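Engineer: Below, each chain spelled out in residue letters.
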Amino acid sequence: MDMLKLSKRKPKFTQNPYFKFFASVRFAIPSLFAFAAAMTYGTVCESIYGTEYARFAVYHSWWFYLIQAAISASILLSLIDRIPFRKKLSGFYAVHFSMVVMLVGALVTQVWGIDGSIELSPDVPTSRVRMPENAIYLTDGQTEYSTELPNVSRSVRLDGEIEIGGAKASLLRYLPFAGIRKEWKKSPGAWSSEWLVKSPQFEQRVELVDGAPASITEQAGTEQSGGSHQADVGPLHIEVVSADFLKILQEAVAQPKFAIFLVDVSTGKLQGIPQFSGEYRIHFPGTSVAVLSRMEHGAGMSLFRLKVGGRNYTFVPSFSPMPLDEKLAIDRSAAYRLISLGAMTGRNTVFIARLARAKTDGSDAIRIVYGKGNQWSVADYDGGVLTLPWMMGLQLRLVNEKKDAVRDGVLDSVTPNKDDQNNMRAVLVNVAVKGRSEEQWVTNRADTRFELAPIQGFIGNREIGLPFSMRLDRFKMDEVPGTGRPASYESFITVQDGNEQKKIHIFMNNPFKSNGYTFYQSSYFQDERGRYHSVLSVNKDPGRPIKYAGALLLVLAMIIHFLILYGHIRFEEVKR
Amino acid sequence: MKTSRCHWGTVVLAVVATILSTGLPRVLAADLCLDSMLQNRLQDQPIQADGRVMPLSVYAGKIRKSLFPSKTCQAADSTTLYCLLSQGRRLELEQKFNCQITLKAEHAETQKLLGLANGEKKVRPALALRSRDTIAQTYHLLQQNGKSESGFGTDLSNLLMYIDRFVAIESGSDWKIIDNAGNWVSWKELNTPGRLAPNESVDILATGQLSRLTPIESRNVKLEKIYETFRPFTIAVVFCLLGFLFSLLALDFPKFVRWTKLMIPVVLVLQIAGMVLRVLISGRAPVTNMYETVMWVGVGTFSLSAFLGWRMKERRIWAVGFAGNSICLFMLSFATKMLDGTIQPLVPVLRDNFWLSTHVTTITLSYSCFALAWLMANFVLVLWVAGKRRLETVQKWNDVIRLEIQIGSVLLAAGIILGGIWADYSWGRFWGWDPKETWSLIALVIYAGILHGRYVGWFKDINFTAIAAFGFMFVLMAWFGVNYILAVGLHSYGFSSGGSMFLAAIFIAQVIVLTAVYMANPRNPSRPSSPKTSPKTRALAR
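Chains as they are written, first to last, in this note's numbering: chain A, 27 to 602; chain B, 44 to 585.
Calculated from the structure, these hints are not laboratory results. Predicted model, so just to flag it, every value in this text is computed and none were measured. Misleading hints may appear alongside valid ones.
[As the list claims (entries may be wrong)] As a list, the in silico DSS-like pairs of lysine-lysine whose alpha-carbon atoms are at most 27 Å apart: (1) A:Lys224 <-> B:Lys155; (2) A:Lys224 <-> B:Lys356; (3) A:Lys46 <-> B:Lys503; (4) B:Lys298 <-> B:Lys439; (5) B:Lys164 <-> A:Lys114; (6) A:Lys398 <-> B:Lys155; (7) B:Lys164 <-> A:Lys224; (8) B:Lys503 <-> A:Lys114; (9) A:Lys385 <-> A:Lys212; (10) B:Lys231 <-> B:Lys105; (11) B:Lys164 <-> A:Lys444.
Please model the entire structure based on the sequences and the hints provided.
Structural biologist: If you want it as structure tokens, here you go:
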């Protein structure tokens, strides 16, 4: 302001038509409305795609910065345009000048400020602060290499190359919001099917795969899998089985008087066994006598021991029809299976199988065995909707099927959903050793191991180190009396700074300050052992005093400005 | 003989009186819930539930409202109903009052799931308990499909909550009372064999409970009884509507001016009394949920209109203020689905905080300025559409509207800054593009644009009125829309449901009014040419 006062003349450049435009209200008003529109878009984005996406796609995008720059320029130029100082405009100067101060403060915070968090685990000292930015980490066990990933909302090409673990690793592409896109892949002998399970209350699609190579079925349950052979839909268990197994099941459910069945894998014959206690003798035609003995094994689980031809097999039918070896692993090569439908399926279960050339015209048939306990039915599926009677009105419909193919997951860019708390991020990394190369996605979900070189990679938050370390001694949570809701969180922490040790106590609205950093109690979580971990937010804000000064000035200035404006209006004037 | 008969009669009376005064309470002791003599004491019984100490009648009323459909066992009052239920005497209750206890099941899909007849919005507890697993599984399924926020999902999660609460009530573990030793014990624990003599529990319940509470708890229990009985905001609605009527009549019949003036302090006193009671009961500033912001905006709008009306000697401003306050008070008393008025313990981040209190009051006061400006603008717009198109009148009103917007902007700017300071103080950052923050800034930026546009003369006369009216839509968005429509972010304490329809209705109504103004506006208006700007404002306009 002093500077403004000094100049008595209007500077010449203020006569420039471009300057006049950018300093005028004609530019200011559209900028304001554009700013409002951009922010509206940002909040809508956030409510649909989530906080993280909005941050990258709007609030930290170049065009959002551009709009803010336009407003800052407009304010600054309008001040310059009103040189030399005129007393009657002092309200105007004060308001707009204080905004400039606030903007400077915000800029300082943006550039030099730190806003991260630190996770304190019980009795483990740490000094690593997690920043909101993402970084990719590659390590060969000795050295760790990390690089910050750009703040973008769409997939971008990266170009980074490092020597690590005797190999050359290059970063190719970054997907800030990654997801799995399913793609068909050839897989001889596999049968993929997609079913719609419908009840009056809900409907859900399930993808099932039978006979897929182990690499896919082993991943069942993970996101990259092309589908599993079984799925749970609310109160229903649905499973595809091999044609052979379905035939056995079909035979078994046709004999409801038997509780369990012994299957001879070599002949495919099954033997019904009624309820018994102690020992039961089975005469297989043409083979020796088998003795089955039953042991109750806590929690209502039955354990059977089969003695046949000098060999012993142990079965737990509620776990698997295949016997277990000494290490309690499933023995797939065993010659016998023990099936107990009641024990195996404590709830409504649907078994599906595709029977090759089972129809009279030589085409494949889809057969379904469904039921619960000892009530079972068999149905052939011929397209359309199959209603399962006495099973809560559930309906099945085959939506899609493909033989000799499985749907495999491929990583690709996606627009996130706000309910996804943990967005997947991925970087495509190429590792090259002596002319051979390997490409893999490194994600924030799990560590990626490369085969060509002993390299591990993952995506995490960028980290910075504190000049001291902190250790959580105790975490305390108070309850609102009579309820389970938390009333307050408190962390008791030891700070180790060189040889100096200090005990501190951080709780809600009582932060700890040191070395320009401020630590706030922000959150907590419990690990699987029930121990509490404390999360503190870590903050360093050199722009704070500037922002606060600007804020104080702004409010005072606005009051003064409007008082000056109204100085000459008397209230009675308004009266009709 | 005559005297002797008289004598005997006295003796009989005395005996009956003695039995009544000493023996009878003991006889009826087992029937605590139904005893009419104990009724009053039972209602005032301080209990601990949901993390607070309050009179049993208040809690019972709240439970009844939330768990049961509105006409469930109307014959029994809430306390009796709740008392019998928590003693596990549901059958007796149903027989005595000839009614059926049911839980709410409002969504059509829920009724289907439970196998109820179509449109039967209630479910018997036995069926609900049997179906709990099915309900939980279905809800889980909806969650997996990201549909847990749908109407059906919300209804299911509510029903699960009702069922669990009902089980807690029937097992006697839902509420606690203070025993002779001064410990809070649940009804179930109290009735554990060996804990107390058979009749002692009744004695505990009926006598001298307040004295065992801490002074604050005992005062709060009494105050809450008063608050629940007199309902100051509901009474204020009546007077406020009366005031509105009087202020309208006063435009044509001067003798109603006195009545209008009388209504202003009456309504204000009632409102402030309600707020003070709330503060005393909850033991904190009333700045923590949507209900309380509406309360502030009501008071703010009304006080501002009272002041402006008096200062400018313009009674029509009072009419506008009465209208605005009536809307707020009406929402407080009757929009219970949208605004939850129950007093609840605070989430940790909102406890004992000077910055939060000043931030919320400043923001709500700024909203009240904008609300008054909005109502006034619409008042002018409607008159305009109705054919009363005197430009001078519009300009005079616009001056008032601009004044209100200016005051509002100062308060809003201050409020946003205070909010930043609070955020900085509580979790270490001044600004984080949280939707609530962002929307309040949007509102401020919009009003800044409107004010600048007026300085330059872009928006003048009826156009200014129209755009000022529309500006309030952004305030509504910041105030309710973020919670009811966008519903993401840190300000999760205010999120609730049922408000989006309300917002949409206001928005549509506003658009209709603006369209009507646009249609009523002649294409080439022959207005007086010079806009009324002072030399000072003209200096700013370039």
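Engineer: All hints are to be evaluated individually against the structure, with a verdict given for each.
Structural biologist: Verification of the supplied hints:
no., hint, verdict
1, A:Lys224 <-> B:Lys155, "holds (14 Å)"
2, A:Lys224 <-> B:Lys356, "violated (69 Å)"
3, A:Lys46 <-> B:Lys503, "holds (24 Å)"
4, B:Lys298 <-> B:Lys439, "holds (26 Å)"
5, B:Lys164 <-> A:Lys114, "violated (68 Å)"
6, A:Lys398 <-> B:Lys155, "holds (23 Å)"
7, B:Lys164 <-> A:Lys224, "holds (24 Å)"
8, B:Lys503 <-> A:Lys114, "holds (24 Å)"
9, A:Lys385 <-> A:Lys212, "holds (26 Å)"
10, B:Lys231 <-> B:Lys105, "holds (21 Å)"
11, B:Lys164 <-> A:Lys444, "violated (33 Å)"
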